[in-house]
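Work out the full structure: start from the sequences and follow the hints.
Just so you know, the sequences run in chain order S and P.
54 is the number that the working numbering gives to position 54 of the first sequence; each next residue is one higher, with no gaps.
Numbering-wise, the working numbering comes out as the position in the second sequence, counting from 1, plus 342.
Derived from the structure by calculation, the hints contain no laboratory data.
Where hints are given, some of them may not hold.
[What the hints assert, rightly or not] Lysine-lysine pairs mimicking DSS-like chemistry, simulated, CA-CA at most 27 angstroms apart:
1. Lys404(P) / Lys235(S)
2. Lys404(P) / Lys52(S)
3. Lys404(P) / Lys216(S)
4. Lys140(S) / Lys52(S)
5. Lys31(S) / Lys93(S)
6. Lys216(S) / Lys276(S)
7. Lys344(P) / Lys235(S)
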Amino acid sequence: MSSPIETDVAIIGAGPIGLFAVFELGLLDLKCHLVDILDRPGGQCTELYPEKPIYDIPGLPIVTGQELTDRLLEQIKPFGATFHFNEMASALKRLEDGRWQLSTDAGTEIIARVIVIAAGGGSFVPKRPPIAGIDAYEGKSVFYAVRKMDEFRDRDVLIAGGGDSALDWTLNLAPLARSLTLVHHRDGFRAAQHSVNQMRELVAQGKVKFHVANVKTLHGEDGKLEAVTLAGADKTEWRHSCDRFLPFFGLTMKLGPIAEFGLNLHENLVPVDTAKFESEVPGLFAIGDINTYPGKLKLILSGFHEAALMAQAAFHVCRPNEKLRFQYTTSSSNLQRKLGVA
Amino acid sequence: MKIIATDRSGVSREIEGRDNWTLMEMLRDAGLPITAECGGACACATCHVYVEDGWYEKLPPKSDAETDMLDMALAVQENSRLACQITCSDALDGITVTLAPE
Chain S
1 MSSPIETDVA IIGAGPIGLF AVFELGLLDL KCHLVDILDR PGGQCTELYP
51 EKPIYDIPGL PIVTGQELTD RLLEQIKPFG ATFHFNEMAS ALKRLEDGRW
101 QLSTDAGTEI IARVIVIAAG GGSFVPKRPP IAGIDAYEGK SVFYAVRKMD
151 EFRDRDVLIA GGGDSALDWT LNLAPLARSL TLVHHRDGFR AAQHSVNQMR
201 ELVAQGKVKF HVANVKTLHG EDGKLEAVTL AGADKTEWRH SCDRFLPFFG
251 LTMKLGPIAE FGLNLHENLV PVDTAKFESE VPGLFAIGDI NTYPGKLKLI
301 LSGFHEAALM AQAAFHVCRP NEKLRFQYTT SSSNLQRKLG VA
Chain P
343 MKIIATDRSG VSREIEGRDN WTLMEMLRDA GLPITAECGG ACACATCHVY
393 VEDGWYEKLP PKSDAETDML DMALAVQENS RLACQITCSD ALDGITVTLA
443 PE
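Now the structure itself:
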């Protein structure tokens, strides 16, 4: 583990609100590190609906989730924030000097005066099929991602799903698995057509088996999978031998470790005041979809406003002995220098 | 119009539906634990319901986008639909749905 990073503000979540927080904090000379479990910025905007148009961003009559993210990245570029992608904020503790130490599941330690939770609906995690007892097999025989291909070498692999991950891993693992079976609830796929064509070719060659079926039950002991019960479209059930199972149903949001941060959550949301967007814990702020207050609207534009007010309050926490000078970007050459335009 | 909705613990209740609201919005408004993560954009498959008692056949057919998105839903059955893609109207008075497991 490397030595802890010291910064002004650690932001949990690199969605649109976390990104805009970098801008508002940056205008006040506060440096930021962002942690996000996804592999890229944008949060829900890029994970769930990158191509879907958004119509209610002030001044942008129509913008897609990806375009909005790209614009925000361009806007915050002058402030040189550091991103920690593929990392989940896993623990938070207060140090004796009043600063926070935020840890991630990848071993990154960030020491900051202010923590901003901009985590939206929580961490994106794989959807877990509603099969009784599946948790006992997770990490041993059931995996939601392929980290090491060798884990599947000479194994009887079962893959479930109809998206790109299911099809891509069917193609990639078929050559090294002892056997590979793909199951999906229909004989049609949302995955890229060329992947589907390649899969069907492997099925025709007898190298991959495909069934229209759902996984009903897992059979095995001590996390070692031996077989599953599959149910076909006509409700007939049969036993299928396999020792590795990869369900690929995309991601969903779960609150995750934030629930353990000592906040008094209200229905999985962080109650904040509407002057500072600070939680009941001083120095711990929450903005965007993760917070709640009377009149809260889960809109991106509301999150932008929250980021601006949070930044003013965060300044006083980070620079208790300095006077905050409120300035406009249109008129302040000082701000324009920070933005690299003057 | 009325909606008869059964939650994941098997408890059924009757909800007063409003014209032109989506079924997802009505379920959410009534306080049923429907995630509907993407807010109705047909982008997440977390408003998955089973349409019961012959009502599935009476619904307008799925769009290609809904069919594709259902590939990301869990425990899909022949009567699976995404509630954000069903619009309430008098023609659906009495529609009966069950929240899919998650």
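Given pair status - Lys235(S), Lys404(P), alpha carbons within 27 angstroms = holds, 22 angstroms
Quick one, are Lys404(P) and Lys52(S) close enough, alpha carbons at most 27 angstroms?
-> With Cα atoms ~19 angstroms apart, Lys404(P) and Lys52(S) stay inside 27 angstroms; holds.
Distance restraint between Lys404(P) and Lys216(S), which requires alpha-carbon spacing of 27 angstroms or less | Distance ~25 angstroms between Lys404(P) and Lys216(S) Cα, so the pair holds.
Quick one, are Lys216(S) and Lys276(S) close enough, alpha carbons at most 27 angstroms?
-> violated, 49 angstroms
Holds or violated: are the alpha carbons of Lys344(P) and Lys235(S) at most 27 angstroms from each other?
-> violated, 31 angstroms
Holds or violated: Lys31(S) to Lys93(S), with C-alpha atoms at most 27 angstroms apart = holds, 20 angstroms
Given the proposed pairing of Lys140(S) with Lys52(S), does the C-alpha separation stay at or below 27 angstroms?
-> With Cα atoms ~37 angstroms apart, Lys140(S) and Lys52(S) exceed 27 angstroms; violated.
Hint compliance for this structure: hints 4, 6, 7 are broken, all remaining hints hold.
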